[in-house]
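Student: One letter stands for each residue in the lines below.
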Amino acid sequence: MYIGYLNYVIIICWVTGGLILLTDVKAYNNASLKKEQKVSKILGWVNISIGFGLMTADFIYSHFMW
Amino acid sequence: MGDPKEITTLQATTILISTIIGVGVLPLPLFAVRAGETSAPFVTLTGMFLAAIGLVFITSLGIRHPQKTIITYSQDIIGKWLGRIFSILVIIFFLILTSLTAREFGAVVVTGVLRETPLEVTVIVMLLLASISCRNNINVFAYIHNLYVPMILAPVLIVVAFSLKNANPLYLRPIFFGSDLWNMAGGMLTVAALFQGSFIITMIIPSMKSPKKAIKASFWGILISGGLYLLIVIATVAIFGPEEIKQIFWPTLELARTTAIPGNILQRLDIIFLAVWVLAVFTTLFSSYFFTIHSIKELFRLKDHKVLSYFILPCVFFLAMAPQNILHMYEIIQFIGRIGLLITILYPAVLLLMDFLKSWRRKRNVAKSS
Numbered sequence: 005m006y007i008g009y010l011n012y013v014i015i016i017c018w019v020t021g022g023l024i025l026l027t028d029v030k031a032y033n034n035a036s037l038k039k040e041q042k043v044s045k046i047l048g049w050v051n052i053s054i055g056f057g058l059m060t061a062d063f064i065y066s067h068f069m070w
Numbered sequence: 168m169g170d171p172k173e174i175t176t177l178q179a180t181t182i183l184i185s186t187i188i189g190v191g192v193l194p195l196p197l198f199a200v201r202a203g204e205t206s207a208p209f210v211t212l213t214g215m216f217l218a219a220i221g222l223v224f225i226t227s228l229g230i231r232h233p234q235k236t237i238i239t240y241s242q243d244i245i246g247k248w249l250g251r252i253f254s255i256l257v258i259i260f261f262l263i264l265t266s267l268t269a270r271e272f273g274a275v276v277v278t279g280v281l282r283e284t285p286l287e288v289t290v291i292v293m294l295l296l297a298s299i300s301c302r303n304n305i306n307v308f309a310y311i312h313n314l315y316v317p318m319i320l321a322p323v324l325i326v327v328a329f330s331l332k333n334a335n336p337l338y339l340r341p342i343f344f345g346s347d348l349w350n351m352a353g354g355m356l357t358v359a360a361l362f363q364g365s366f367i368i369t370m371i372i373p374s375m376k377s378p379k380k381a382i383k384a385s386f387w388g389i390l391i392s393g394g395l396y397l398l399i400v401i402a403t404v405a406i407f408g409p410e411e412i413k414q415i416f417w418p419t420l421e422l423a424r425t426t427a428i429p430g431n432i433l434q435r436l437d438i439i440f441l442a443v444w445v446l447a448v449f450t451t452l453f454s455s456y457f458f459t460i461h462s463i464k465e466l467f468r469l470k471d472h473k474v475l476s477y478f479i480l481p482c483v484f485f486l487a488m489a490p491q492n493i494l495h496m497y498e499i500i501q502f503i504g505r506i507g508l509l510i511t512i513l514y515p516a517v518l519l520l521m522d523f524l525k526s527w528r529r530k531r532n533v534a535k536s537s
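Chains A and B are the protein sequences, given in the same order.
Just so you know, the first sequence maps onto residues 5 to 70 in the working numbering.
Just so you know, the second sequence maps onto residues 168 to 537 in the working numbering.
No lab work stands behind these hints, which were simulated from the structure alone.
All residues carry an ideal CB built from backbone N, CA and C; glycine is no exception.
Do not take every clue at face value.
Stated by the list, open to error - Just some of the chain A residues that point at chain B, by a computed CB distance under 10 Å:
(1) 8
(2) 9
(3) 17
(4) 29
(5) 31
(6) 37
(7) 39
(8) 40
(9) 43
(10) 44
(11) 47
(12) 51
(13) 54
(14) 59
(15) 69
To be verified - Covered stretches of chain B, going by a simulated chain A footprint (3 or more residues, C-beta under 8 Å):
(16) 468 to 475
(17) 484 to 494
If we strip away everything but chain A, and leave its shape as in the complex, we get (with noise of 0.2 Å):
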């Protein structure tokens, strides 16, 4: 199946995990809110990761399985 808008997903995921990275970690630290913290640093990377395995996977289908 083509996913036509798969590049704006792996895009849209990795701006989004990173400026959760970049504002909300450092806003929760000042805040002192350890648990807030620490769930934004995990989803942060989680939006980075899914970019990442997106963009893996569709290569790997449209390379080696297409």
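Following the hints, complete the assembly by docking chain B onto the known chain A.
Tutor: Here is chain B on its own, set in the frame of chain A:
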């Protein structure tokens, strides 16, 4: 980072109005006419009543638990795990609703205004706007809705008022039962689904100055938004007639296109209407997005929702792009809308019933022991 209790009854009303009035304005006359032919206004009215019943259930629950939302009091009423499972279903439903709102917006903009712009870009821009706005607290959320309501209501009323001079009342007869009952009942569910944004009241009540007045806000909210929907359907059917409407994808937009302000000041109002419609879509999207992240925050007992505003963005975008084309999108919207009625009407009804039974049993036990 907690939310102060500052929302007034007027603000709660405006939140409801601007949340309900959204993307559904454009295809509403088509949905109603497909179901009821000349009885489209009657179908709209019955759909509005069904939605009002759901709103009464959810508002009554909120008044009985003024410090909590459906995510938290459902765990008190039906148990921790069952409550959590149903809360996850509510969250998933609103996540899908948010994505479909964004997609419908993108589809209209790409078809009607920005024909060269990729669909993905219009959807991303709207979702980004919503996600950035959602990083504020609930009071800012209320101010934004309060600001936009007059801008949404006034132009739509002007379009309806000026268009009525070309109306033919014969197109509205028979008023009742212009089609078979099953068809009309299906249309009633579709129209009721357009009011599902009113579920947001569960999130508003804990932040209201006087939660007991929530029922007043609900009444005016559904009356004004439902009244506007009814006016739009009456005007559209009276001008185009049921058979013509079946050939048009967005009859309300066509209504604005054929309406002129007397004295050749403006010969067509569709661009003004679309500008207003963008505001209406933004407020609807904003509400459903805010409700989704606020609910996730409560489910996982976080103190702040900001981080979630960016986190769910890729997921919402992915879901928004899932429908293959406009026809597929409206099929999904109608299906999800009808399924959603189980979540927005039946689920609160069951919760309210169980809550009543629990408090009745508690009172009886207290009376026995004393």
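Student: Is the interface hint satisfied for residue 40 (chain A)? The criterion is a beta-carbon contact with chain B at less than 10 Å.
Tutor: Result: holds, 5 Å to nearest chain B Cβ.
Student: So, as I understand it, the hint says residue 47 (chain A) touches chain B; can you test that by seeing if any CB pair is closer than 10 Å?
Tutor: Hint holds; residue 47 (chain A) Cβ to chain B Cβ min 5 Å, cut 10 Å.
Student: Is the hint on residue 8 (chain A) kept, meaning its closest Cβ partner in chain B is under 10 Å away?
Tutor: holds (8 Å)
Student: Is the hint on residue 51 (chain A) kept, meaning its closest Cβ partner in chain B is under 10 Å away?
Tutor: holds (6 Å)
Student: Let me know if the C-beta of residue 43 (chain A) comes in closer than 10 Å to any C-beta of chain B, holds or violated.
Tutor: Interface hint status for residue 43 (chain A): holds (6 Å vs cutoff 10 Å).
Student: Holds or violated: the hint that residue 37 (chain A) contacts chain B, with Cβ atoms closer than 10 Å.
Tutor: Hint on residue 37 (chain A): holds, closest Cβ of chain B at ~6 Å, below 10 Å.
Student: So, as I understand it, the hint says residue 44 (chain A) touches chain B; can you test that by seeing if any CB pair is closer than 10 Å?
Tutor: For residue 44 (chain A), the interface hint holds, since the closest Cβ of chain B sits about 4 Å away, which is under 10 Å.
Student: Holds or violated: is the Cβ of residue 29 (chain A) closer than 10 Å to a Cβ in chain B?
Tutor: Holds - the Cβ of residue 29 (chain A) comes within 10 Å of chain B, reaching about 9 Å at its closest.
Student: Verify the interface restraint on residue 17 (chain A): the C-beta must sit less than 10 Å from at least one C-beta of chain B.
Tutor: holds (5 Å)
Student: Take the segment 484 to 494 of chain B, compare each residue's beta carbon with every beta carbon of chain A, and decide whether three or more fall closer than 8 Å.
Tutor: Satisfied; 3 residues make the cut.
Student: Minimum Cβ distance from residue 69 (chain A) to chain B below 10 Å?
Tutor: Residue 69 (chain A) check fails; min Cβ-Cβ to chain B is 21 Å, beyond 10 Å.
Student: Under 10 Å, Cβ to Cβ, is where residue 39 (chain A) needs to be relative to chain B, so tell me if that hint holds or is violated.
Tutor: Since chain B brings a Cβ to about 7 Å from residue 39 (chain A), closer than 10 Å, the hint holds.
Of the numbered hints stated above, those contradicted by the structure are hints 14, 15, listed in ascending order.
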